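Chemist: In case you want the letters, here they are:
There are 2 protein chains.
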Amino acid sequence: MQAHDLPAHAGLRIDGARLWNSLMQLARIGATEKGGVCRLALTDLDRQGRDLFVAWAKEIGCTVRVDAIGNIFARRAGVRDDLPPVVTGSHIDTQPTGGKFDGNYGVLAGLEVLRTLNDNDVRTQAPLEVAVWTNEEGSRLVPVMMGSGVFAGAFTLDHALAQVDREGVSVRDALASIGYAGERVAAHDVGAYFEAHIEQGPVLEANDKVIGVVQGALGQRWYDVTIEGMEAHAGPTPMELRRDALLVAADLIRTVNRIALDHAPHGRGTVGWVSVHPNSRNVIPGRVKLTVDLRAADDATLLAMDRALREICAQAELPVTVDEVVYFAPQPFESSLVASVRESADALGFTSMDVVSGAGHDAVYLARVAPAAMIFVPCKDGISHNEIEDARADHLEAGCNVLLQAMLRAANAAVVGERA
Amino acid sequence: MQAHDLPAHAGLRIDGARLWNSLMQLARIGATEKGGVCRLALTDLDRQGRDLFVAWAKEIGCTVRVDAIGNIFARRAGVRDDLPPVVTGSHIDTQPTGGKFDGNYGVLAGLEVLRTLNDNDVRTQAPLEVAVWTNEEGSRLVPVMMGSGVFAGAFTLDHALAQVDREGVSVRDALASIGYAGERVAAHDVGAYFEAHIEQGPVLEANDKVIGVVQGALGQRWYDVTIEGMEAHAGPTPMELRRDALLVAADLIRTVNRIALDHAPHGRGTVGWVSVHPNSRNVIPGRVKLTVDLRAADDATLLAMDRALREICAQAELPVTVDEVVYFAPQPFESSLVASVRESADALGFTSMDVVSGAGHDAVYLARVAPAAMIFVPCKDGISHNEIEDARADHLEAGCNVLLQAMLRAANAAVVGERA
Chain U
25 MQAHDLPAHA GLRIDGARLW NSLMQLARIG ATEKGGVCRL ALTDLDRQGR DLFVAWAKEI
85 GCTVRVDAIG NIFARRAGVR DDLPPVVTGS HIDTQPTGGK FDGNYGVLAG LEVLRTLNDN
145 DVRTQAPLEV AVWTNEEGSR LVPVMMGSGV FAGAFTLDHA LAQVDREGVS VRDALASIGY
205 AGERVAAHDV GAYFEAHIEQ GPVLEANDKV IGVVQGALGQ RWYDVTIEGM EAHAGPTPME
265 LRRDALLVAA DLIRTVNRIA LDHAPHGRGT VGWVSVHPNS RNVIPGRVKL TVDLRAADDA
325 TLLAMDRALR EICAQAELPV TVDEVVYFAP QPFESSLVAS VRESADALGF TSMDVVSGAG
385 HDAVYLARVA PAAMIFVPCK DGISHNEIED ARADHLEAGC NVLLQAMLRA ANAAVVGERA
Chain L
25 MQAHDLPAHA GLRIDGARLW NSLMQLARIG ATEKGGVCRL ALTDLDRQGR DLFVAWAKEI
85 GCTVRVDAIG NIFARRAGVR DDLPPVVTGS HIDTQPTGGK FDGNYGVLAG LEVLRTLNDN
145 DVRTQAPLEV AVWTNEEGSR LVPVMMGSGV FAGAFTLDHA LAQVDREGVS VRDALASIGY
205 AGERVAAHDV GAYFEAHIEQ GPVLEANDKV IGVVQGALGQ RWYDVTIEGM EAHAGPTPME
265 LRRDALLVAA DLIRTVNRIA LDHAPHGRGT VGWVSVHPNS RNVIPGRVKL TVDLRAADDA
325 TLLAMDRALR EICAQAELPV TVDEVVYFAP QPFESSLVAS VRESADALGF TSMDVVSGAG
385 HDAVYLARVA PAAMIFVPCK DGISHNEIED ARADHLEAGC NVLLQAMLRA ANAAVVGERA
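Protein chains in written order, with our numbering: chain U, 25 to 444; chain L, 25 to 444.
If you are wondering where the hints come from, they were derived from the structure by calculation, not from laboratory data.
The structure presented is a predicted model; accordingly, all values stated were derived computationally and were not measured.
Just to be clear, a hint being listed does not mean it is correct.
Copies of the same chain look alike in the list, so a pair counts if it works inside one copy or between any two.
Here are the simulated lysine to any residue pairs, SDA-like style, with alpha carbons at most 20 Å apart [claimed, not checked]:
no.: 1; residue 1: Lys58; residue 2: His183
no.: 2; residue 1: Lys404; residue 2: Arg416
no.: 3; residue 1: Lys82; residue 2: Arg42
no.: 4; residue 1: Lys313; residue 2: Leu69
no.: 5; residue 1: Lys313; residue 2: Glu207
no.: 6; residue 1: Lys58; residue 2: Pro302
no.: 7; residue 1: Lys404; residue 2: Pro354
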């Protein structure tokens, strides 16, 4: 630490224009007519994006390694190169109608941090790495967050390699065909992990803040629900003799919303998909299927929401079956790293607020095996997974400067030292 | 009238076994593996069914005429053959997965009445006719109730003849190809019209009654409704910042039900069709389209229901557009004929109850140009438009005996005399 407790290099700033230009250059690979990007995981476009990143990383003297699930690690040596690295990163695969910033921002912000340190001849105690995690989106191949999931042991490498896309191409073959099937090695220790990302939601914009200090990721429980009624003609069937499955579904949709509101501020409940049978204008629906997505910041809340849902379904006027299909545990981030993100934003003079990540990110898996934190910046109208996804250059620059400061703090002292 | 006010021929009974056998014989034409019938309007199967009916009608001495929309009239002369005929009938076209009784019962019950009169050498004052109305179902060609609609002037002959099916075949060409493009003549006067039909609903069965004395047909208003929200990720979007179109749809589905209950006993409200966009498990629905079907026994009630619907939609939290796409006026049946049906059921010792027709029938159009009434008999579990549609032989026999008595009363006295 310097005098007055200011971290070393507190005056360092990244090059916002260079960051923006890199984002725009990467966005050309798989660019869509509507201004978005379609660069599905493990396609030739993904290879082109990876090659560009690798070329940029090598340009600034990084060593580049690829693991067996195709994760790329661009490493900048530390003064004490035996220390576990401070890692940042994200993904460069996109949704079929994705945008320029989701994932790509986290990778290129990491690269910009390394470029800035090079430009200023700054060395860090711990080594730094920028990771490109394979197949975060899961659009072509599931499970989602595949590369970080293997790294964190959420599922096995062999399980991931065996998955196939709709054409029957396996992850194993796709990795080989693009030249990114790397060494089969154990995941390496990570001293600290940071991930910068567009928020993909409307909270920062609604609160007019530049930096989201992410406390953790919501836990998720997903359900398939089926309501069994009796199909009948809308005309000849009086109200009192109906067994209308859609009516029970309507009550359930409203109830899912109420359950979320009952568990404010972070409880979330969504019915996103509905299928009505026979779905005919003058036939009373005999069967309705729908999905329920419940999220909460802690497991006790999520369980209370689960119980409320099941209770309502059990009390419905018609038979309702509830099948849970997905469970992601809530994942709090490391409090010292979260504090470091907040302090960096404050020191840089950016407005900030505590937020939660409602969606999954590679950082959520990394948090299982390393101290981790995330930095959110606003995106226009909260829109993501859409070709019109947009973000302001000054916000992206701000987030990257926070990332720089947080990585410097971690690499030079506190967290790494404590855990090493 | 005979002594003690008993109508002449009060002791006449139709032959239930013959009626059943005719139904089963006709059901072989277009029979499906699951026990139903697929005999779409103006197909070769329809021709085979028509040919069988015409052959049966000629066997018992009827004269047979076909009009320009293909309606068939099998006529049994009256003592006073100048009187407008007492007509009964229905249709023999079916839904793609239809049953043996919908429509067919009304036609063959009429034929059985004539056979019974022949067997017993009974002559009536007014002539009797059995009508086979073209294309009631509208599965292949719209508008539905085409033959009776043209007869009643609901739309023009030329409009109906110009309609085409999905393969581009016109009604005009289809009629010619099956040999049922008849004379272009003005619709003839009808002294009284009766139609026997399975109920296609659950009311008679639920009330354990054999005969439904149909008071009239409900009016119908059909709507297309669109709710515009904002598509957003289920995870990163807090409850208070959502514009969830499905939530408004859920409230509307419940409201449509309440509007119907508020207008008991005959108010009906159904949402049968729902389309959610983008219909993805973890995306808040940005747009929901749904249909609303409102029915009531009188126009004042139907209009009140329409206003309630529009008011609720105008007050919704999100923009809701309401487009009315269909209006059928409520159609009361002729009170003297309705009374005659009830009295005939009573005289025959059958349990009966007043009911309304929630669905459209040829009789509803006929009621625009002639005194009309309907006779319902129960169908199993209220199921129709389904290959498992079923009805009991004794119920079908009972309905046919009521039809016989009601036609005799009309042809020999009261109504015809009054209106002739």
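Chemist: Each hint should be assessed against the structure and marked as holding or not.
Modeler: Results for each hint:
{"no.": "1", "hint": "Lys58 / His183", "result": "neither (36 Å within a copy, 45 Å between copies)"}
{"no.": "2", "hint": "Lys404 / Arg416", "result": "within (8 Å within a copy, 66 Å between copies)"}
{"no.": "3", "hint": "Lys82 / Arg42", "result": "within (17 Å within a copy, 93 Å between copies)"}
{"no.": "4", "hint": "Lys313 / Leu69", "result": "neither (37 Å within a copy, 37 Å between copies)"}
{"no.": "5", "hint": "Lys313 / Glu207", "result": "neither (45 Å within a copy, 51 Å between copies)"}
{"no.": "6", "hint": "Lys58 / Pro302", "result": "between (36 Å within a copy, 19 Å between copies)"}
{"no.": "7", "hint": "Lys404 / Pro354", "result": "neither (27 Å within a copy, 52 Å between copies)"}
Hint compliance for this structure: hints 1, 4, 5 and 7 are not met, and every other hint is.
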